[in-house]
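Undergrad: Full structure from sequences and hints, please.
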Amino acid sequence: MASYTDPPEEGRGRRDLTVALVFLFLAAVALYLPSGVQSQIAEGLRGTVLRPFVETQEALVQAKLRAEDALELQAQLDSLASIVASQASLLEENRRLREHLDLENRAPGVFIHANVMRPGTTGSGSMFLLDVGSDQGVNPGDPVLMRTGRIGLVGVIREVSREGAIGLDWSHPDFRASAMTADGEVFGLVEPRRGDFRGGDRLLLNAIPFHERLDPGTLVTTSGLGGIFPRGIPIGEVMGLHQDYGDYRSEYWLRPVVETGSATHVLVVRSDPALEDLLEFLEGGGEGGPPGGGQGEGGRGG
Amino acid sequence: MTRKTVLGILVPILVILHFFLHVGLRIERAAPDLLTLALLFAARENGMGPGGALGFFFGLLEDAFSVLAFGASALAMTLVGILGARTRDLFVGDSLRFFFVYFLAGKLLREVIYWVVAGETVREPFLNAVLIDGGIAAFYVASMGALLVLLLGGARALR
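Line order of the protein sequences matches chains A and P. Just so you know, the first sequence maps onto residues 1 to 302 in my numbering. Just so you know, the second sequence maps onto residues 1 to 159 in my numbering.
Treat the hints with care, as some may be off.
Ranges of calculated distance between the beta carbons of each label pair, as one might list FRET restraints [unchecked claim]:
| hint | chain 1 | residue 1 | chain 2 | residue 2 | range |
| --- | --- | --- | --- | --- | --- |
| 1 | A | P140 | P | V116 | 25 to 31 Å |
| 2 | P | V116 | A | G44 | 23 to 29 Å |
| 3 | P | E120 | A | D244 | 23 to 29 Å |
| 4 | A | Q243 | P | P125 | 17 to 23 Å |
| 5 | A | R162 | P | V101 | 44 to 50 Å |
| 6 | A | G47 | P | K4 | 31 to 37 Å |
| 7 | P | S143 | A | E55 | 29 to 35 Å |
| 8 | A | G44 | P | L150 | 35 to 41 Å |
Negatives, chain A to chain P, calculated, CB over 12 Å [unchecked claim]:
| hint | residue |
| --- | --- |
| 9 | L80 |
| 10 | E92 |
| 11 | R98 |
| 12 | L101 |
| 13 | D102 |
| 14 | I151 |
| 15 | G184 |
| 16 | V186 |
| 17 | F187 |
| 18 | N206 |
| 19 | A207 |
| 20 | G217 |
| 21 | T218 |
| 22 | G240 |
| 23 | H242 |
| 24 | Y245 |
It should be emphasised that the hints constitute simulated quantities derived from the structure, not laboratory data. All residues carry an ideal CB built from backbone N, CA and C; glycine is no exception.
TA: Structure follows, in structure tokens:
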């Protein structure tokens, strides 16, 4: 009996179906691979076939930085120099006060500057790539800051390779930061809330005691509790009351200090064990104060 | 030039252009999803096997920038590649309108599958992510696809 289909066509159809099912199976496997293996595959692709595109964005970010107005940079440098000069005695005063109050020494952190790349592909929301990695001392969990007028919290490092890192910004649903008002009077927890559309994400200051009232415009910073984010990094400004929960807590909307989509140049804060040892050694010998160097220093922990 | 040769040149160009616009120039929704468009062009020309394979590799390339839903694009693109290849057996379209609907449905299907697979932590509400954002993106892809079909000598050239 004659077949309705041409035998070679039928064979090709079966082969096609088998190949299609194999790749469907592989795609399903890729979805459930351990996250470490997924990271390796992603890193491999970014470092090979996709490298030219990542480098293109790196080059554009560099060009944008180089195009910064030199006069504006000079003005910023002058402002910083005046702040440093006017606060030169604070370090010594602070050290004496801490001694009087018997407070522990702050562990210093090191700021590493990095360029931010953001792919505009599907599923890449809330993540950014950095051009610094473990070679520069970046570790998973290090906080990432950015200055837009004032310095603010961008997010946290999630994965690190030798020459690159992946971070998640504050719009990621799992982001949490222990926070306080800038005057240190009221403590709460900051978490993101998805907007109706991408770009409409906002921050919510949660767990505020019911009897505390925050005025619009109040600056909210990290509290240093939990040990992930250094104390005092601005997160956002209070926009208004979101909700009261009975007689025990309330929530406030925050306007983020840093709009993550605009980030091109950031600072990664890392603790430096070698520097901590050096500081301990110096302070043990009566020579207090964190050592200077090419990299900036910042307080860490609270 | 044969249709296979035209698509053999067009598909890699679309893939490179997609990553150049989205990754190199950091353009998000303002640039169309040329990767899905390339897949839909290639899948209809080839069988289910090559369609699925191409979809898998294209999806993995997108997943390389997705920490939170790795594999979701690979699965979505593989399915779109397979189903796109099947349309050649099911629909013998030769009109520009057919190609427009084919690209529109292909992109929308990709968005739906991605939304289902990506998981709750990543996805936005269905109405916004798929129907509004996805619908606009699908219309954008379909328009670009139809324009390309026209530029390549009309729908008959790619039938």
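Undergrad: Look at the Cβ atoms of R162/A and V101/P and judge whether their distance stays inside 44 to 50 Å.
TA: Between R162/A and V101/P, where Cβ atoms are some 48 Å apart, the hint holds.
Undergrad: Check the following: the C-beta atoms of V116/P and G44/A are separated by a distance inside 23 to 29 Å.
TA: The hint (23 to 29 Å, Cβ to Cβ) holds, given that V116/P and G44/A are roughly 27 Å apart.
Undergrad: Test the statement that F187/A is away from the interface with chain P: the closest C-beta pair must be farther apart than 12 Å.
TA: Consistent with the label, F187/A stays out of reach of chain P, its closest Cβ about 26 Å off (over 12 Å).
Undergrad: Against chain P, does L80/A hold up as non-interface, every C-beta pair farther apart than 12 Å?
TA: Non-interface label on L80/A holds, nearest chain P Cβ at 29 Å vs cutoff 12 Å.
Undergrad: Would I151/A pass as off the interface with chain P, using Cβ distances and a cut of 12 Å?
TA: Given that every Cβ of chain P is farther than 12 Å from that of I151/A, nearest at about 23 Å, it holds.
Undergrad: Tell me if the beta carbons of E120/P and D244/A are separated by a distance inside 23 to 29 Å.
TA: Holds - the Cβ-Cβ distance for E120/P and D244/A, about 27 Å, lies within 23 to 29 Å.
Undergrad: Okay, G44/A versus L150/P on CB: inside 35 to 41 Å?
TA: holds, 39 Å
Undergrad: Far enough from chain P: is every CB of that chain over 12 Å from the CB of G184/A?
TA: holds, 32 Å
Undergrad: Holds or violated: is the Cβ of E92/A farther than 12 Å from all Cβ atoms of chain P?
TA: Since the minimum Cβ distance to chain P is about 44 Å, E92/A lies beyond 12 Å and the statement holds.
Undergrad: If I take the minimum Cβ distance from D102/A to any residue of chain P, is it greater than 12 Å?
TA: holds, 44 Å
Undergrad: Is the nearest Cβ of chain P still more than 12 Å from the Cβ of N206/A?
TA: holds, 18 Å
Undergrad: Taking 29 to 35 Å as the hint, is the beta-carbon distance of S143/P and E55/A inside that range?
TA: Since S143/P and E55/A have Cβ atoms about 31 Å apart, the given range 29 to 35 Å holds.
Consistency note: the structure conflicts with none of the earlier hints.
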